[in-house]
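For reference, the chains in residue letters:
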Amino acid sequence: MRQDHLITATQLSRGDIEAVLDRAREVADEPAAFADRHAGRVLALCFFEPSTRTRMSFDSAAKRLGMDTVDMGDVDSSSVSKGESLSDTVRVIEGYADALVLRHPSEGAATLAAENVSVPVVNAGDGAGQHPSQTLLDLHTIRENHGLDDLTVGIMGDLKYGRTVHSLAAALTEFDANQHFVSPESLRLPRSVRFDLHETGAQVREHTDLEAVLGELDVLYVTRIQKERFPDENEYHRVAGEYRIDAETLDDAADDLTVMHPLPRVDEIAPDVDETEHARYFEQAHNGIPVRMALLDALLENAEAAEGVEADR
Amino acid sequence: MRQDHLITATQLSRGDIEAVLDRAREVADEPAAFADRHAGRVLALCFFEPSTRTRMSFDSAAKRLGMDTVDMGDVDSSSVSKGESLSDTVRVIEGYADALVLRHPSEGAATLAAENVSVPVVNAGDGAGQHPSQTLLDLHTIRENHGLDDLTVGIMGDLKYGRTVHSLAAALTEFDANQHFVSPESLRLPRSVRFDLHETGAQVREHTDLEAVLGELDVLYVTRIQKERFPDENEYHRVAGEYRIDAETLDDAADDLTVMHPLPRVDEIAPDVDETEHARYFEQAHNGIPVRMALLDALLENAEAAEGVEADR
Amino acid sequence: MRQDHLITATQLSRGDIEAVLDRAREVADEPAAFADRHAGRVLALCFFEPSTRTRMSFDSAAKRLGMDTVDMGDVDSSSVSKGESLSDTVRVIEGYADALVLRHPSEGAATLAAENVSVPVVNAGDGAGQHPSQTLLDLHTIRENHGLDDLTVGIMGDLKYGRTVHSLAAALTEFDANQHFVSPESLRLPRSVRFDLHETGAQVREHTDLEAVLGELDVLYVTRIQKERFPDENEYHRVAGEYRIDAETLDDAADDLTVMHPLPRVDEIAPDVDETEHARYFEQAHNGIPVRMALLDALLENAEAAEGVEADR
Numbered sequence: 001m002r003q004d005h006l007i008t009a010t011q012l013s014r015g016d017i018e019a020v021l022d023r024a025r026e027v028a029d030e031p032a033a034f035a036d037r038h039a040g041r042v043l044a045l046c047f048f049e050p051s052t053r054t055r056m057s058f059d060s061a062a063k064r065l066g067m068d069t070v071d072m073g074d075v076d077s078s079s080v081s082k083g084e085s086l087s088d089t090v091r092v093i094e095g096y097a098d099a100l101v102l103r104h105p106s107e108g109a110a111t112l113a114a115e116n117v118s119v120p121v122v123n124a125g126d127g128a129g130q131h132p133s134q135t136l137l138d139l140h141t142i143r144e145n146h147g148l149d150d151l152t153v154g155i156m157g158d159l160k161y162g163r164t165v166h167s168l169a170a171a172l173t174e175f176d177a178n179q180h181f182v183s184p185e186s187l188r189l190p191r192s193v194r195f196d197l198h199e200t201g202a203q204v205r206e207h208t209d210l211e212a213v214l215g216e217l218d219v220l221y222v223t224r225i226q227k228e229r230f231p232d233e234n235e236y237h238r239v240a241g242e243y244r245i246d247a248e249t250l251d252d253a254a255d256d257l258t259v260m261h262p263l264p265r266v267d268e269i270a271p272d273v274d275e276t277e278h279a280r281y282f283e284q285a286h287n288g289i290p291v292r293m294a295l296l297d298a299l300l301e302n303a304e305a306a307e308g309v310e311a312d313r
Numbered sequence: 001m002r003q004d005h006l007i008t009a010t011q012l013s014r015g016d017i018e019a020v021l022d023r024a025r026e027v028a029d030e031p032a033a034f035a036d037r038h039a040g041r042v043l044a045l046c047f048f049e050p051s052t053r054t055r056m057s058f059d060s061a062a063k064r065l066g067m068d069t070v071d072m073g074d075v076d077s078s079s080v081s082k083g084e085s086l087s088d089t090v091r092v093i094e095g096y097a098d099a100l101v102l103r104h105p106s107e108g109a110a111t112l113a114a115e116n117v118s119v120p121v122v123n124a125g126d127g128a129g130q131h132p133s134q135t136l137l138d139l140h141t142i143r144e145n146h147g148l149d150d151l152t153v154g155i156m157g158d159l160k161y162g163r164t165v166h167s168l169a170a171a172l173t174e175f176d177a178n179q180h181f182v183s184p185e186s187l188r189l190p191r192s193v194r195f196d197l198h199e200t201g202a203q204v205r206e207h208t209d210l211e212a213v214l215g216e217l218d219v220l221y222v223t224r225i226q227k228e229r230f231p232d233e234n235e236y237h238r239v240a241g242e243y244r245i246d247a248e249t250l251d252d253a254a255d256d257l258t259v260m261h262p263l264p265r266v267d268e269i270a271p272d273v274d275e276t277e278h279a280r281y282f283e284q285a286h287n288g289i290p291v292r293m294a295l296l297d298a299l300l301e302n303a304e305a306a307e308g309v310e311a312d313r
Numbered sequence: 001m002r003q004d005h006l007i008t009a010t011q012l013s014r015g016d017i018e019a020v021l022d023r024a025r026e027v028a029d030e031p032a033a034f035a036d037r038h039a040g041r042v043l044a045l046c047f048f049e050p051s052t053r054t055r056m057s058f059d060s061a062a063k064r065l066g067m068d069t070v071d072m073g074d075v076d077s078s079s080v081s082k083g084e085s086l087s088d089t090v091r092v093i094e095g096y097a098d099a100l101v102l103r104h105p106s107e108g109a110a111t112l113a114a115e116n117v118s119v120p121v122v123n124a125g126d127g128a129g130q131h132p133s134q135t136l137l138d139l140h141t142i143r144e145n146h147g148l149d150d151l152t153v154g155i156m157g158d159l160k161y162g163r164t165v166h167s168l169a170a171a172l173t174e175f176d177a178n179q180h181f182v183s184p185e186s187l188r189l190p191r192s193v194r195f196d197l198h199e200t201g202a203q204v205r206e207h208t209d210l211e212a213v214l215g216e217l218d219v220l221y222v223t224r225i226q227k228e229r230f231p232d233e234n235e236y237h238r239v240a241g242e243y244r245i246d247a248e249t250l251d252d253a254a255d256d257l258t259v260m261h262p263l264p265r266v267d268e269i270a271p272d273v274d275e276t277e278h279a280r281y282f283e284q285a286h287n288g289i290p291v292r293m294a295l296l297d298a299l300l301e302n303a304e305a306a307e308g309v310e311a312d313r
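Heads up: the sequence lines are chains A, B and C, in that order. Each residue of the first sequence is one higher than the one before, starting from 1 at the first, in the UniProt record's numbering. Each residue of the second sequence is one higher than the one before, starting from 1 at the first, in the UniProt record's numbering. Each residue of the third sequence is one higher than the one before, starting from 1 at the first, in the UniProt record's numbering.
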C-alpha cells in the first residue's frame, strides 16, 4: 500500500489489499515483533459520533504497536460545540499526534481532514460514506477461512442502509466473487450501488429468500435489520423473523460455510449458531486488532519514508 | 491465589487473601520491580455504571505494571444501547485485551462475563452484589495498621445497602474478628447477611450507639448514610447527625484506633478528624494501587501459566 | 523555575519564564532526548469543566515524556456528584498519580488543590482566574517569531472576559512590551486589570479601531467575541464584523507581523489569512506540546529533587 491516508476501500487495488492482509497475518503470527515498532508515536482518536468497538479496537491496535493514544472525547464537550470548523479542529489536533483516526457524521469529512493535515488520516466512518478498515477486517476474515479466489458470498439483511455492506460488496468485485444479496424488497441494495457493481462486471444476483442460495455459499454475511426503518412495528417483526438464522437454518449449508456479522447483533443470529463451526463473527471482530495494526503500521511507514525523502532534499 | 477470575471476596480463602496482601506489600515496598512486569499487555475497563475512583485506580494500577488500558466509555454511546447482550459485548472486548475489569448494575454480571471469555475478569462491582477489590484494599489497610489477628472492628452507618460492608464483614469472619455493627434501626444489616455471619460462627453484635463500643475498637469503619434512603428529610438529618463523628467523638477511642471510610464522604466524618492520627481513609484509598497491582499481577501470572500448560500439551 | 506547582502566570519571574521557554526549545529541537524521561510516571487529568484541546495537549505532552495518564472523566459521573469536596477528591487522586492537571469552574480551585496534595499541580484554568500554561505557550510563540525584547503587541476582541488576555498582558509587562488594546467600548479591559497594568509601569494604550495602530505591531493577538455577551443579536453582528480581520486588512501591517489566536476561532479571522505568512495560530496551538512537556519536566524534576532532599535527611 503506497497511500498517505485510508479514506475509502475503493482507493485500494487488489494488490494494496493483499499487502495489508499479508501484514495482518504477520502481526497475528508474531505480535511480539510489532510490540515496540512505533514506540513514542501518538494516535489521536477523533470520534465525532459515538463508537465503542471501532474506537476500542483502534486504541488497542495502536497500543499493541507501542503507540500511545489521545482521545478527543465527546463532541458535546469539545471546541466543535463552540462553532469551530472541522478543518480547524484537525489542524490543531495534528499537532498533538502522529496520525488521526476520524469518525464523523458527514460524508466526505475524512477527505476534508486529509486535505488539511500532514499526518496520516484513517476514515473510521463518515456518515453514509465509507468505513474501510471494517472492509479490510471483513476481507481478512474471509481470506483466513476460504482465501479470496472463487468465492461465493451471500449478504443478507438490511442492504439499503449500512455502509459496511456497500463497501464490502465493492471490494469483493476486485476478487471476482459471486455475490448474492438477500433482503426484503423494501431493503434492497440502492439502485446506485447495484449500478456501480454491474459497471465492474460483477456477478450479482438478488433474492428475497435465503433458502434459494444457501447451499452454494462459502460465506454468509448477516446484518442487522433496524426497527427504525419500519413505520409499522408488526411489519418489522414479520420481516426480522424471516431474515433471522439459527442452527437449524444452517443444516442445508455447506460444512465449511463461514457466518459473519459486523456486530452488534440483536436477534438476527440465534445464540445456538455461536456453538457451530460456522460462527466466525467474534473472530471477525477480533481481527480488527491485527488488521488495524497492519494498517497503522503501513501508513506510519509511508509517512516516515516521505519525511525521509523530504529531509534528504 | 490460584483463581482465574476475581468475582467475589468469598471465593478467596484466608490463604488466598494473605497471598494477595503479601504481594501488595511487595509492590508498595519496591514498585520499580513491578514497573515493566506486564509491558505490552492491555487491560479493558468496562464500566457499565459510572465510577471515578475505582476506574482511575485500576487504570493507574495497570499502568504501574507497564500495561496499557482501553476504556469502553459511557454506556450511552456503546453498542449496549443498540441492544447487544452483555455476553456478546465481553466476547468482542476480550479480543482487544488481556484482562477485563467490569462494573455492571446487575448482580451476577461478572460471573456471566467470566463464563464467556478466556481472559481474567475482575468484578469491580455488580449491583448489590460484590466489589471484592475494595474488600482486599480494606483488609490491606487493616493489616498494615493492626495485623489481621485478634481484631475488634466496628462498622457504622448504612449497613442495609452497601455491598462494601457486607463483603468486608464476610471476609473478616475468615480472620475470626469481633465485629460490632452500629446503625439506626432502619439501616440494620439485612437478615440474610446476619444469618450468613452467624452460620460461620462469627462474633457479631449490633448497636444503635457508637459510644457503647468505641473504646474496644481497633478499627472503626464508617459509611455514608444516603439521603435517598429516607422518605422524610428531617428524619435523614436527625439520623445522619447521630452517626457523624468528629475529633471530639474520638477522645474516648483507643490511641491506635484506625478510622476508615470507603469514600466519598459527605458529612459522616468531620474534617477535623483528618488531622488526627486515627484518620486512615486517604491511605485506604491509596492502597487501591498496590492491592490492584498485586491482584492483576496474580491473575495475569495464572493466565500465563495456564497458557503455558496448554501450549505444552 | 523553582516552583512546586504552576498556579498563576504571575508567580513566574522573567527568569522563570525564560527557563521554561528555553527548555521548550530544547524539547522542540530534540524530542527524542525527552521521550523516556519520565517513564513510569502517571499524570492525572482532572477536568471539572469540559476541554478538548487543553486536555489533549497535556495528555499528548505527558505521553511524549514517556508518562502515562489517567483521566477523571466527566464530572457528572464522578464522586463530585455525590457531594465530595474538591480537597477530598484531589487527596484521593494524588494517590493514583505523580502530578495533577486541574481545570475547575471556581477561581482559586488550583490553589486549594495545591495546598492539599504533595504532588505537583498545574492549573489548566480556574474560572475567571488563570490559565498559565496558555500564557507560556503564547509567550513561546512570540519569542520564537520575534524574541521578547522591544515588542509592540496588539490585543484585540473581547478584552473584558477571557482570562487568556489578562494573563498574557500581565506576563508581557515582565518584558516591558508596548501593549495596545483594541476593542469595542463595551468589551474594554476591566478597570482592575488596567489598574494592575498601570501599577507595573506598563506601556498600555486602548483603541476602538485596529487601523490606528496596526502598522506598528509585531504581534496581533485576536480573541473571539462571544454572541452571549450581547443582549441584542444585531449589535453582536455589527461589533463582530468590525473586529474581524481578513487578508486585505493585513495589507497595512508590517511584513513580519505575527497573527495569533488562542482558538477555537469562529469568524474573527477569515480563512484567507491562513494562507498568509502572518498566520501563526496553528503553530501557537502546536506549541502547547513542547511548552507543556517543558513545564511537566521542570515540575517533576523539582519534585524529585525535593524527595531526594527528604530522603537524605
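Since the hints were derived computationally from the structure, they do not count as laboratory data. A quick note: this is a predicted structure, and the numbers were derived from the prediction, not measured. Please note that the accuracy of each hint is not assured.
[Said to hold, decoys possible] For each label pair, taking beta carbons as the anchor points, the in silico distance ranges come out as:
1) C:248 x A:203: 54 to 60 Å
2) A:108 x B:29: 46 to 52 Å
3) B:82 x A:208: 23 to 29 Å
4) A:50 x B:304: 44 to 50 Å
5) B:301 x A:207: 49 to 55 Å
6) C:208 x A:4: 54 to 60 Å
7) B:106 x A:4: 53 to 59 Å
8) A:195 x C:248: 32 to 38 Å
9) A:248 x B:200: 26 to 32 Å
Even glycine gets a Cβ: it sits at the ideal position worked out from N, Cα and C.
Evaluated hints:
Between residue 248 of chain C and residue 203 of chain A the CB atoms are about 59 Å apart, so this pair conforms to the stated range of 54 to 60 Å. At roughly 57 Å, the beta-carbon separation of residue 108 of chain A and residue 29 of chain B lies outside the given 46 to 52 Å, and the hint is violated. Checked against the given bound of 23 to 29 Å, the beta carbons of residue 82 of chain B and residue 208 of chain A, roughly 26 Å apart, stay inside it. Between residue 50 of chain A and residue 304 of chain B, the C-beta spacing of about 35 Å breaks the proposed range 44 to 50 Å.
At about 53 Å, the CB distance of residue 301 of chain B to residue 207 of chain A agrees with the hint of 49 to 55 Å. Between residue 208 of chain C and residue 4 of chain A the beta carbons are some 47 Å apart, a value that contradicts the proposed interval 54 to 60 Å. Between residue 106 of chain B and residue 4 of chain A the CB atoms are about 47 Å apart, so this pair departs from the stated range of 53 to 59 Å. Remark: the range hint 32 to 38 Å for residue 195 of chain A to residue 248 of chain C is contradicted by a beta-carbon distance near 47 Å.
For residue 248 of chain A and residue 200 of chain B, the hinted distance range of 26 to 32 Å is not satisfied, since their beta carbons lie about 49 Å from each other.
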